[in-house]
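Asker: What follows is each chain in one-letter form.
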Amino acid sequence: MSRKVEITVGFFMVLVICSVLFLCFRVTDPTSFASHNSYRVYAVFDNIGGLKVRSPIKIGGVVIGRVSNISLKSENGNTYKPYVTMDLDAQYDRIPSSSSLSIKTSGLLGEQFIDINFGLDQSIEHELDSLDSDTTTTTNNSNNKPAYLEDGYVISNTKPAMVIEDLIGQFLYSVGGSSAKDNKQDTNESKE
Amino acid sequence: MLDLIAKLGRSIINIIAMLGRSGLMLFGALIGKPQFSKQFPLLVKQFYFVGVQSLSIIIVSGLFIGMVLALQGYFILTTFGAEASLGMLVALALLRELGPVVAGLLFAGRAGSALTAEIGLMKATEQLSSMEMMAVDPLRRIIAPRFWAGFFCMPFLTAIFVAVGILGGVLVGVDWKGIDAGFFWSSIQSNVDWWHDLGNCFIKSFAFAIASTWIALFNGYDCMPTSEGISRATTNTVVYSSLVILGLDFILTALMFSN
Numbered sequence: 001m002s003r004k005v006e007i008t009v010g011f012f013m014v015l016v017i018c019s020v021l022f023l024c025f026r027v028t029d030p031t032s033f034a035s036h037n038s039y040r041v042y043a044v045f046d047n048i049g050g051l052k053v054r055s056p057i058k059i060g061g062v063v064i065g066r067v068s069n070i071s072l073k074s075e076n077g078n079t080y081k082p083y084v085t086m087d088l089d090a091q092y093d094r095i096p097s098s099s100s101l102s103i104k105t106s107g108l109l110g111e112q113f114i115d116i117n118f119g120l121d122q123s124i125e126h127e128l129d130s131l132d133s134d135t136t137t138t139t140n141n142s143n144n145k146p147a148y149l150e151d152g153y154v155i156s157n158t159k160p161a162m163v164i165e166d167l168i169g170q171f172l173y174s175v176g177g178s179s180a181k182d183n184k185q186d187t188n189e190s191k192e
Numbered sequence: 001m002l003d004l005i006a007k008l009g010r011s012i013i014n015i016i017a018m019l020g021r022s023g024l025m026l027f028g029a030l031i032g033k034p035q036f037s038k039q040f041p042l043l044v045k046q047f048y049f050v051g052v053q054s055l056s057i058i059i060v061s062g063l064f065i066g067m068v069l070a071l072q073g074y075f076i077l078t079t080f081g082a083e084a085s086l087g088m089l090v091a092l093a094l095l096r097e098l099g100p101v102v103a104g105l106l107f108a109g110r111a112g113s114a115l116t117a118e119i120g121l122m123k124a125t126e127q128l129s130s131m132e133m134m135a136v137d138p139l140r141r142i143i144a145p146r147f148w149a150g151f152f153c154m155p156f157l158t159a160i161f162v163a164v165g166i167l168g169g170v171l172v173g174v175d176w177k178g179i180d181a182g183f184f185w186s187s188i189q190s191n192v193d194w195w196h197d198l199g200n201c202f203i204k205s206f207a208f209a210i211a212s213t214w215i216a217l218f219n220g221y222d223c224m225p226t227s228e229g230i231s232r233a234t235t236n237t238v239v240y241s242s243l244v245i246l247g248l249d250f251i252l253t254a255l256m257f258s259n
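Quick mapping for you: the protein sequence lines, in order, are chains A and B.
Quick note: the first sequence, position 163, residue 163 per the UniProt record's numbering, numbers continuous.
Quick note: the second sequence, position 194, residue 194 per the UniProt record's numbering, numbers continuous.
I should point out that these hints are in silico values taken from the structure, not numbers from a laboratory.
The C-beta atom is built at its ideal place from N, Cα and C for all residues, glycine as well.
You may find that some hints are simply not true.
Unchecked claim - Chain A side only, calculated, beta carbon under 7 Å to chain B, not exhaustive:
no.	residue
1	5
2	8
3	12
4	16
5	19
6	22
7	23
8	27
9	28
10	29
My request is simple: use the sequences and hints to build the entire structure.
Answerer: Following this line, the structure appears as structure tokens:
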């Protein structure tokens, strides 16, 4: 009896271990809990639309990081603007700091993500400048901007999200406005 | 009128005294010098009664719940042309809610009632008091191994339930309805979070395990030592554990997934 009990309990434990491994490695993404090295970059937007925490950040459709926090922040006493904190994968550390961000929507009604559009690589720019003359390089060095995105960098070259209601509103307004103008012209003509 | 108030007060005092007795029972069973060599064989035996014998009902119901979830989800998602995300639907529904809750309810019905009846009968036939006569603490000898077996077996059974349920979803979604297996698994893997879904599933499951095992053991230990008392205690176990599991589930879900 006791031996049989031990063996069946052993089978039970094996089954449990199998299903836990199944849940860990097949159901969740096994790479997701191997903690990534990441670096943190900030960006200021005018409007973030439907962006959420944990929204993906993509370059050319490839996910390279996620939004880790969204808050409002006022810079040097200006009005509040959405301030997005992003964690980027450390292996992609050569993204030019002049890159611009835009918030796009995957599909017509899909989730929103941040798309990074590459800017001009400034290290190449430096080389070109140094070929040109020595004076410009000194000015470039003096403004002290890192060539690539790095920890704590704040990107301000951003495009706001397209909010579909605003677009429809602008469209309707422009249509309505032009027809009103036409009416005015008509009345002017009739006066004449 | 005065009678009514007196009755109300008496019942409230009774409830508080019952809570106190249950707390004392658990305290007496769990706090003490651990004696692994003596308690481990008892624990293995209880694993057999509590865990292994609940396995069949857990596997069969997990399989059918996963299959039904996939079938219903498929019918709804095809109207939006979104059947590729069926895997996500099945996996998240099982991990976040159905897995811990249904496994908990089944566990309360299958193992909890058996524990209550067993301990109740031990009390009715005065096995517990004869153990005390022999200087064996019945709390340490009877209650403690059953509590630990319930505490560990229920999350284990939940893991099996969820895994079998997802496989049932695969069976319906991929093999029967012909959703591409790659789409199915990638929608699961990209949407199930390691800590947020899987971790919370096990936290819920441990909480339900403590609640339902505690209720089952206490109802058995505290029952009237008659045949009617045992039957009432067994009923109370199933009713109270089910209610506590559903109530706790709401509270835990509100805490875990509110932000």
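Asker: Each hint should be assessed against the structure and marked as holding or not.
Answerer: Against the structure, the hints:
With 7 Å as the threshold, the beta carbon of residue 5 (chain A) comes within range of chain B, its nearest partner Cβ sitting at about 5 Å, so the hint holds. Checking residue 8 (chain A) against chain B by beta carbon gives a least distance of about 5 Å; that is within 7 Å, so the hint holds. Using the Cβ-Cβ criterion of 7 Å, the hint placing residue 12 (chain A) at the interface with chain B is satisfied: the shortest such distance is roughly 5 Å. With a least beta-carbon distance of about 4 Å to chain B, the hint placing residue 16 (chain A) at the interface is held under the 7 Å criterion.
The beta carbon of residue 19 (chain A) is positioned within 7 Å of a beta carbon in chain B (closest approach about 4 Å), and the interface hint is therefore held. Given hint, residue 22 (chain A) at the interface with chain B, holds; its Cβ is 5 Å from that chain's nearest Cβ, closer than 7 Å. Against a cut-off of 7 Å between C-beta atoms, the interface hint on residue 23 (chain A) holds, since the closest Cβ of chain B lies about 6 Å away. Because the beta carbon of residue 27 (chain A) sits about 5 Å from the nearest beta carbon in chain B, less than 7 Å, this interface hint is met.
Given the 7 Å rule on beta carbons, the hint for residue 28 (chain A) holds: about 5 Å separates it from the nearest Cβ of chain B. Among the interface hints, the one on residue 29 (chain A) holds; its C-beta lies about 4 Å from the nearest C-beta in chain B, closer than the 7 Å criterion.
Of the hints listed earlier, there is not a single one the structure fails to meet.
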